[in-house]
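On the provided structure of chain A, position chain B as indicated by the hints.
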Amino acid sequence: EPEVTQTPSHQVTQMGQEVILRCVPISNHLYFYWYRQILGQKVEFLVSFYNNEISEKSEIFDDQFSVERPDGSNFTLKIRSTKLEDSAMYFCASSPTEMGETQYFGPGTRLLVL
Amino acid sequence: AQSVTQPDIHITVSEGASLELRCNYSYGATPYLFWYVQSPGQGLQLLLKYFSGDTLVQGIKGFEAEFKRSQSSFNLRKPSVHWSDAAEYFCAVGDSGNTPLVFGKGTRLSVIA
Chain A
1 EPEVTQTPSH QVTQMGQEVI LRCVPISNHL YFYWYRQILG QKVEFLVSFY NNEISEKSEI
61 FDDQFSVERP DGSNFTLKIR STKLEDSAMY FCASSPTEMG ETQYFGPGTR LLVL
Chain B
1 AQSVTQPDIH ITVSEGASLE LRCNYSYGAT PYLFWYVQSP GQGLQLLLKY FSGDTLVQGI
61 KGFEAEFKRS QSSFNLRKPS VHWSDAAEYF CAVGDSGNTP LVFGKGTRLS VIA
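Residue numbers (our numbering), protein chains in the order written: chain A, 1 to 114; chain B, 1 to 113.
If we strip away everything but chain A, and leave its shape as in the complex, we get (with noise of 0.2 Å):
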């Protein structure tokens, strides 16, 4: 059964650096998006990707972040310039362009700031 798959598992960084995430969505999907759940609490949406151009995006998504389909495979994170209260789980999901399907999320990057 296809997969959203995500690299990588873990990462640590330090404060103020440049961090990308690796997303592959399922190969006939074309909506992309992010999402994050700092720990404890929700599982909060960050950016929908569709057709080469971000979608829809939260407040939380602000100037720091970007997003980028690099290749026909690829969907990536960038967060610029960490701060702490970027560690959190990530979550990269995919979903097909009909009606009424359903979006397929991959296992994760947990992503610690110091």
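No lab work stands behind these hints: they were computed from the structure.
The beta-carbon is built from N, C-alpha and C at its ideal position, and this holds for glycine as well.
There's no promise every hint is true.
[Unchecked claim] Part of the chain A face toward chain B, derived, beta carbon under 7 Å: (1) F45; (2) I54; (3) E56; (4) F61; (5) D63; (6) F65; (7) P70; (8) S95; (9) T102; (10) P107; (11) G108; (12) R110.
Using the frame of chain A, we list chain B on its own:
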């Protein structure tokens, strides 16, 4: 704004016992409702979804959920819990399958012998 409440942070049940996890939502129109499960080290796996039609929906692993519009609820049930069901369960609501999902805080299920 949409919101989802899962009132139970942690539930412990005995193996073989029945289970009901509660979910209440706040949404202005007919919602798309989902239950996801997260096992340790795993991603969010879809258990079941409700879009329209029959208000009792069946999912994977023997789970079912019932949509009750009058109570704004979408509770998850299983008649007989297995030890492998121990995990975190998340209820979510959205405008459709492709729009951003709003999640509850999750309910952690522990299963004892």
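Structure-based check of each hint:
1. F45: At about 4 Å, which falls below the 7 Å cut-off, the nearest Cβ of chain B leaves the hint on A/F45 intact, so it holds.
2. I54: 12 Å, violated
3. E56: At 6 Å from the nearest chain B Cβ, A/E56 passes the 7 Å test, so the hint holds.
4. F61: A/F61 check fails; min Cβ-Cβ to chain B is 11 Å, beyond 7 Å.
5. D63: This interface hint is violated because 20 Å lies over the 7 Å limit.
6. F65: 15 Å, violated
7. P70: 22 Å, violated
8. S95: 5 Å, holds
9. T102: Holds, about 5 Å.
10. P107: 4 Å, holds
11. G108: 6 Å, holds
12. R110: 10 Å, violated
Figure legend: structure checked against the earlier numbered hints; hints not met, in rising order: 2, 4, 5, 6, 7, 12.
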